[in-house]
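Let the hints inform the model, and build the full structure from the sequences given.
So you can see what is in the structure, the chains are spelled out below.
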Amino acid sequence: MKGWWGKILRVNLSSGTIRVHEYSPEDALNFVGGRGLAVKILWDEVKGVDPLGPGNKLVFACGPFNGLPTPSGGKMVVASKSPLTGGYGDGNLGTMASVHLRKAGYDALVVEGASRKPVYIYVEDDNVSILSAEGLWGKSTFDTEKILKEAHGRDVGVLSIGPGGENLVKFAVVISQEGRSGGRPGIGAVMGSKKLKAVVVRGTKEIPVADKEALTKLSQEAYKAILNSPAYAFWRRQGTMAAVEWCNENSALPVRNFSDGIFEFSRSIDGYTMEGMKVGQRGCPYCNMICGNVVLDAEARGSELDYENVALLGSNLGIGKLNEVAVLNRLADELGLDTISLGGVIGFVMEAKEKKLVKDDEAPEFGDFKKARELVVNIAYRRTELGKIAAEGVMRMSEFLGGKEFAMHVKGLEVSGYNCFAYPAMALAYGTSSIGAHHKEAWVIAWEIGTAPIEGEKRKSVEYRVTYGLEKAAKVVELQRIRGGMYEALTACRLPWVEVGLSIEYYPRLLEAITGVRYSWEDLYKVADRIYTLIRAYWVREFNGKWDRTMDYPPIRWFSEGLKKGPLKGQHLDKEKYDVLLSEYYRLRGWDGRGIPKKETLRELNLEYVIPELEKYVTLE
Amino acid sequence: MVRLRLYGVFAHLVGLDEVYIEVRELTPVGELLKKLIPRYEEFNAKIILINGRPSEEEALVSNEDEVKVLPVLSGG
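Quick note, the sequences are listed as chains A and B, same order. So in the working numbering, spot 572 of the first sequence is number 572, and the numbers just go up one at a time. If you want the working numbering, it's the position in the second sequence, counting the first as 1, plus 1000.
One thing to keep in mind: the hints can contain errors.
[Stated by the list, open to error] Residues of chain B placed beyond 10 Å of chain A at every Cβ, according to the derived structure:
1) R1003
2) L1016
3) R1024
4) L1032
5) E1042
6) K1068
7) L1073
[Said to hold, decoys possible] Using C-beta positions, here's what the derived DEER-type ranges look like:
8) G516/A with P1038/B: 39 to 45 Å
9) D1017/B with R301/A: 42 to 48 Å
10) E613/A with P1038/B: 53 to 59 Å
11) E1056/B with E26/A: 32 to 38 Å
12) P1038/B with G48/A: 43 to 49 Å
13) R236/A with E1025/B: 35 to 41 Å
14) V279/A with E1041/B: 46 to 52 Å
15) E1057/B with R383/A: 52 to 58 Å
16) P1038/B with A151/A: 47 to 53 Å
17) I611/A with D1017/B: 54 to 60 Å
18) N1044/B with H152/A: 34 to 40 Å
19) D361/A with E1057/B: 55 to 61 Å
Derived from the structure by calculation, the hints contain no laboratory data. Note that the structure is predicted; figures quoted are calculated from it, not measured. Yeah, the Cβ is synthetic: ideal placement off N, Cα and C, and Gly gets one too.
Pasting the structure below:
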């Protein structure tokens, strides 16, 4: 095989055994890598276990793009059974660990069992060791990486957890390079439960490539096309932070726990304000359009800002000063907490305080940066009653305290930065995203606005109306196939295509140059559909068949309340119409009315072996 | 004067976020945007709002109208 090593490094922290497992070329072809490889491993090997117990497995999965000069191809999927949601969980981060793992000769690393004492894994090509991390336990992710690079040299990839993961905060993540972050559904907590503080990798091998010349030529072309894009210069200025202004204009900004879509202080936390504070820029390996904008926060520390961080820790908390938002963001990265879920959790606490469901003195109200800052630390260390319960996430908090009507999550994963009172397609994207509420897979909101139906003469169009045309379900599937399927399998960053218009045709061509295998778009869609259906089957199995379509509903707030101000004042979603969209989504996916894959679909996707397993829990149509 | 409000990359390319244009007759909004924004045609998607309402490029504008042009982003 070219492009794939066909090898998975397996480390068992209970027994200390280390082995290299060869997987079949058929699996490589059918799942490609990254998320595809991860779900295959989890389906096969992680059944009915406690996500924080030794039976869970951590999968660090790469694809054929990784380790090679591919546009923004320095990414890695981190996956596990999620302690936050109980279902399939993954994340994706840019990290030199991806480059080095592949250069060390592996397509993936799987960590099994659990250590009794803090350890880290050190990989240098064929040499793999489990080393003591007792001197690192308790340290921030920034310090951990610094110390490990002092010990092993700078030419390594490092993945680590902070106190958040160590203390099993349900939304703890894996961090690399002081701000690359992944694993929203508590993948960091799974690492913590295994007492695995870090993974350090160095790889020096040459990855076997089918057509090196073609790869070099295509890569150079793609990198050049990115630089020549009309959107490039502005992208380098603001990166994803341009979305603050954009969302505010479209009443889609999360404001005060998603209670409204326009923020009176949006200007003071937007991309223009960020530019005034920018001191540097960081990015992922092999990317020539890096978007990690670093500002000095209110405590004079560097903080790498993204739209999601600022929306969830800024407007969502009623905090209108970017230097304060940047403190919360930097703390999250140091402590190893997901910024989105953190913002969702604190926003919930603030509303609960307002509604007197929470009476703790330390609980912040909307806009209280000081108390919010303290709460972040209390969550990471599970200190105070409030910190302990907030560490469990919004879903469990609302079960415990009440407030389900303003608990903003899907399947237990907190909603990210798009407020969907007026955007049913985006709400569907959140409802059906494979890990719970996340925007990565099908960000349809701009399409939804841009293609709003226009009635009457073209001279003046009617107001934007919330509509539920079935084409919205098709658009969500289309984007999921590309963003949640293809990109997550290769594994590469979608932003060159999405933000600066790089032609998507580069991707199958690059894949062919690397592997020698030509995937048509139908083939790539099939891989994506296979991944989505297997992930869905995994959820259903891990929930013991107790599954129905309500799992794919967006938060109640978007139906029962309306936008409070602005041109879309009063707009909200309609439950019956959403259900029609959801049914269309199931039809397109070949799933039944409960959202469970049909037998025919499983067969068509070469997932026949799933049928007898799943039928132990639920009858399949 | 048509009041044109530009956002994101469009503001960057023009160097201004607000422009006023006098039109002598009803004009398709796309025509104004093509003249004003460098490399406009290289963007295959944009969001055009006339007086707050999503519009196509063929929509006609007069001196009483306010136009907003936003890029089609794709989220972080």
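Hint check:
1. R1003: holds (15 Å)
2. L1016: For L1016/B, whose nearest Cβ neighbour in chain A is about 13 Å away, the distance exceeds 10 Å, so it holds.
3. R1024: At about 17 Å from chain A, R1024/B clears the 10 Å cut-off, so the statement holds.
4. L1032: holds (15 Å)
5. E1042: violated (5 Å)
6. K1068: Label violated. Min Cβ-Cβ 7 Å, cutoff 10 Å.
7. L1073: Contrary to the label, L1073/B does not stay out of reach of chain A, its closest Cβ about 6 Å off (not over 10 Å).
8. G516/A with P1038/B: 39 to 45 Å: Hint holds: Cβ distance 42 Å, inside 39 to 45 Å.
9. D1017/B with R301/A: 42 to 48 Å: violated (31 Å)
10. E613/A with P1038/B: 53 to 59 Å: holds (57 Å)
11. E1056/B with E26/A: 32 to 38 Å: violated (48 Å)
12. P1038/B with G48/A: 43 to 49 Å: Cβ of P1038/B to Cβ of G48/A: about 59 Å, so the range 43 to 49 Å is violated.
13. R236/A with E1025/B: 35 to 41 Å: holds (40 Å)
14. V279/A with E1041/B: 46 to 52 Å: Hint violated: Cβ distance 36 Å, outside 46 to 52 Å.
15. E1057/B with R383/A: 52 to 58 Å: Because 57 Å falls inside the window, the suggested range holds.
16. P1038/B with A151/A: 47 to 53 Å: holds (51 Å)
17. I611/A with D1017/B: 54 to 60 Å: holds (57 Å)
18. N1044/B with H152/A: 34 to 40 Å: violated (46 Å)
19. D361/A with E1057/B: 55 to 61 Å: holds (57 Å)
Of the numbered hints stated above, those contradicted by the structure are hints 5, 6, 7, 9, 11, 12, 14 and 18, listed in ascending order.
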